[in-house]
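Student: Residues per chain, in single letters:
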Amino acid sequence: MRFSIFPKETNFFDMFDKLAAVAIEASNYFYEVTSKGIYTEEVVSKMQDIEHRGDQITHAIIDSLNKTFITPFDREDIHALANELDSIIDMLNTMVNRMRVYRITGVNNDLVEFAEVLKKSTAAVELAVKALRDTKNLMSAREHCIEINRLENVGDRMRDNILGKLFDNVTDPIYLIKWKEIIVDAETTLDICEDVANVIESILVKWA
Amino acid sequence: MRFSIFPKETNFFDMFDKLAAVAIEASNYFYEVTSKGIYTEEVVSKMQDIEHRGDQITHAIIDSLNKTFITPFDREDIHALANELDSIIDMLNTMVNRMRVYRITGVNNDLVEFAEVLKKSTAAVELAVKALRDTKNLMSAREHCIEINRLENVGDRMRDNILGKLFDNVTDPIYLIKWKEIIVDAETTLDICEDVANVIESILVKWA
Amino acid sequence: MRFSIFPKETNFFDMFDKLAAVAIEASNYFYEVTSKGIYTEEVVSKMQDIEHRGDQITHAIIDSLNKTFITPFDREDIHALANELDSIIDMLNTMVNRMRVYRITGVNNDLVEFAEVLKKSTAAVELAVKALRDTKNLMSAREHCIEINRLENVGDRMRDNILGKLFDNVTDPIYLIKWKEIIVDAETTLDICEDVANVIESILVKWA
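Chains A, B and C supply the protein sequences, listed in that same order. Last residue of the first sequence: 208 in this note's numbering, with the numbers rising by one and none dropped. Last residue of the second sequence: 416 in this note's numbering, with the numbers rising by one and none dropped. Last residue of the third sequence: 624 in this note's numbering, with the numbers rising by one and none dropped.
What the hints contain is simulated information worked out from the structure, not anything from laboratory work. Among the clues, some could well be false.
Stated by the list, open to error - List time: in silico BS3-like cross-link candidates among lysine-lysine, alpha-carbon distance up to 27 Å:
1) A:K165 x A:K46
2) A:K46 x A:K120
3) B:K388 x A:K165
4) A:K165 x C:K594
5) A:K165 x C:K596
6) A:K178 x B:K386
7) A:K46 x B:K254
8) B:K386 x C:K596
9) B:K327 x B:K254
10) A:K67 x B:K414
11) A:K67 x A:K46
Said to hold, decoys possible - Covered, in the sense of this in silico footprint (three residues per stretch, anywhere, with C-beta under 8 Å from a C-beta of chain A), are these stretches of chain C:
12) 477-485
13) 512-523
14) 589-595
As the list claims (entries may be wrong) - Not close to chain B: a few residues of chain A, all C-beta gaps over 10 Å, as computed:
15) I24
16) N97
17) K119
18) N153
19) K178
20) N198
21) W207
Ideal placement from N, C-alpha and C gives every residue a C-beta, glycine not left out.
Put together the whole structure using the sequences plus the hints.
Tutor: Written out as structure tokens, the structure is:
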């Protein structure tokens with residue numbers, strides 16, 4: 001099935017590429033915003049627009065799935081891949097919104113460092129998604145998945161170090177409440193990238 | 209399949225109606241309790257009874273599903289619809305229990321406002337579920353889903369405003385911990401109503 | 417299908433037994449560690465090793481599932497059972513890691529009490545998993561599931577009492593943040609044991 005050239009099938013790949021591109025856009029914008037440390041209504045609204053485009057593509061994928069008999073890989077994997085890619089974007093949007101609601105101002109270097117790792121992980125996600133198209137070079141998809149897993153482990157250690165520092169030093173409980181949650185969210189976003197990698201690996205196993 | 213008159217099939221619709229009615233009962237009781245601001249053992253226990261009845265209907269649906277070959281819509285959608293409806297009730301029960309555990313007393317107007325939106329959303333959920341029965345008028349189900357989505361957006365803005373006010377004004381961290389979590393839970397309950405709408409929309413797409 | 421003696425099938429039972437044994441190991445170690453109240457890097461690292469072994473067995477089960485046509489029970493149930501068993505171990509690992517990150521020292525009797533219930537629940541999980549093998553005695557699997565459900569209810573009440581005490585007495589918000597989360601996690605672990613019981617009950621219903 002994966003070697004066929006049915007137009008329906010190429011659509012799924014195109015749509016996944018588009019969704020991955022929106023995830024890239026979201027993580028780039030997240031990096032830009034956290035580097036400036038300014039969380040205005042305008043910033044929140046721009047991230048919401050990105051998130052909204054992600055939603056639309058995700059819905060288009062699910063709608064197509066419900067109307068298509070022949071799919072390039074298992075229906076449940078298409079469903080999961082669309083939802084997990086969408087969740088990356090949702091989470092980045094949630095975080096920017098939270099910064100505004102929590103009245104955060106100023107640059108937090110720990111968060112910027114996380115935003116960099118998130119950019120790298122989203123880049124690997126995009127490459128892994130694109131690699132699914134090329135059945136002759138599935139090894140490449142696998143390598144990007146390994147990179148996503150590696151970055152998730154990096155994120156785990158970063159989160160533990162940052163939270164450990166917070167509990168060592170912080171005396172203002174409200175500051176701790178805010179930053180503990182934001183840092184945990186940042187790591188959760190890397191977990192979602194790993195969930196994407198897991199879906200892709202499960203597709204690859206079935207193709208093996 | 210949806211036009212057939214197999215008794216087995218009507219059972220699913222009846223059971224979903226019953227489950228939606230319990231969700232209505234739970235959100236009515238939640239509104240009543242938050243309007244009074246009194247969270248006694250008796251109140252917690254009455255909400256638990258409601259939740260228990262929801263559990264029983266949900267189990268009956270899943271059991272019937274496991275023993276039925278012909279179903280009015282996809283098995284996975286029946287499973288998801290039952291679980292999401294049950295989750296609305298679970299969440300309302302969790303919230304009332306939390307109020308007791310957190311030693312909350314007195315009326316919080318923000319929460320009462322949320323309870324009103326929850327009543328409206330659960331009412332729309334019930335109508336959407338009932339509308340699934342009438343295949344000649346599926347447009348009606350779609351409209352109720354749109355209303356559920358609208359109310360979820362209303363809830364998002366309410367949550368952000370209420371949390372923003374908390375972070376602006378509150379100096380008692382333990383007060384903030386309590387109310388931040390309760391308000392987030394209230395919005396999560398609206399998210400679950402939206403999950404119900406998503407399942408129903410996915411059923412409608414397949415029927416289209 | 418369940419009466420057949422295909423080697424492939426027995427493999428799944430063997431792998432589930434191995435995974436359940438790792439869950440037992442994790443809950444025993446969790447009990448040992450909380451009873452001592454010492455959370456060193458070494459302790460965290462030993463729990464991570466256990467978690468890593470759980471991951472490997474889970475991946476082996478999912479891989480086998482993707483390559484096997486005939487399975488002893490529904491594919492989705494095999495998938496869910498493996499993931500839920502793995503989640504028990506993950507959660508115990510998360511908790512030990514959290515104790516270290518939150519700079520916890522000393523024995524907390526409430527947590528030790530939870531660790532005891534967790535040992536009992538994991539023991540019942542192992543027995544329920546093993547009982548799936550013996551199709552002549554499925555009643556036994558059902559009884560272990562009832563015990564897991566009972567222990568989850570015990571845990572609910574324990575959590576509510578412990579959190580109630582925290583909100584009654586604690587004046588240090590950072591202490592409250594730490595212990596509220598740890599106690600909630602402990603109860604969540606019992607919820608996951610119940611999720612395992614739910615999967616097993618759904619397998620039993622299909623076999624009935």
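Student: What's the verdict on K67 (chain A) and K46 (chain A), does the C-alpha distance respect the 27 Å limit or exceed it?
Tutor: Given pair K67 (chain A), K46 (chain A) is violated - Cα atoms ~32 Å apart, limit 27 Å.
Student: Do the alpha carbons of K165 (chain A) and K596 (chain C) lie within 27 Å of each other, as the hint requires?
Tutor: holds (20 Å)
Student: Taking a Cβ-to-Cβ distance below 8 Å as contact, does the stretch 589-595 of chain C have at least three residues touching chain A?
Tutor: Holds: 4 residues of the stretch 589-595 of chain C have a Cβ under 8 Å from chain A.
Student: Between the stretch 477-485 of chain C and chain A, see if three or more residues pass the 8 Å beta-carbon test, and mark the coverage as holds or violated.
Tutor: holds (count 4)
Student: Checking the smallest CB distance to chain B, is N97 (chain A) really beyond 10 Å?
Tutor: Not fine: 7 Å to the nearest Cβ puts N97 (chain A) too close to chain B.
Student: If we take the beta carbon of K178 (chain A), is the closest beta carbon in chain B still more than 10 Å away?
Tutor: It is violated; K178 (chain A) is separated from chain B by about 8 Å at its closest Cβ, not greater than 10 Å.
Student: Hey, K46 (chain A) versus K120 (chain A), does the alpha-carbon distance stay inside 27 Å?
Tutor: holds (22 Å)
Student: Hey, K46 (chain A) versus K254 (chain B), does the alpha-carbon distance stay inside 27 Å?
Tutor: Cα-Cα ~45 Å, so violated.
Student: Would the pair K67 (chain A) and K414 (chain B) pass a check requiring their Cα atoms to be no farther apart than 27 Å?
Tutor: It holds: about 7 Å lies between the C-alpha atoms, which stays within 27 Å.
Student: Given the hinted pair K178 (chain A) and K386 (chain B), is their Cα-Cα distance within 27 Å?
Tutor: holds (14 Å)
Student: Closest CB-CB distance from K119 (chain A) to chain B, is it above 10 Å?
Tutor: Its Cβ never comes within 10 Å of chain B, the nearest being 26 Å, so this holds.
Student: Does W207 (chain A) clear chain B by more than 10 Å, comparing its Cβ with all Cβ atoms of that chain?
Tutor: Non-interface label on W207 (chain A) holds, nearest chain B Cβ at 23 Å vs cutoff 10 Å.
In the structure shown, a violation is registered for the earlier hints numbered 1, 7, 11, 16, 19, in ascending order.
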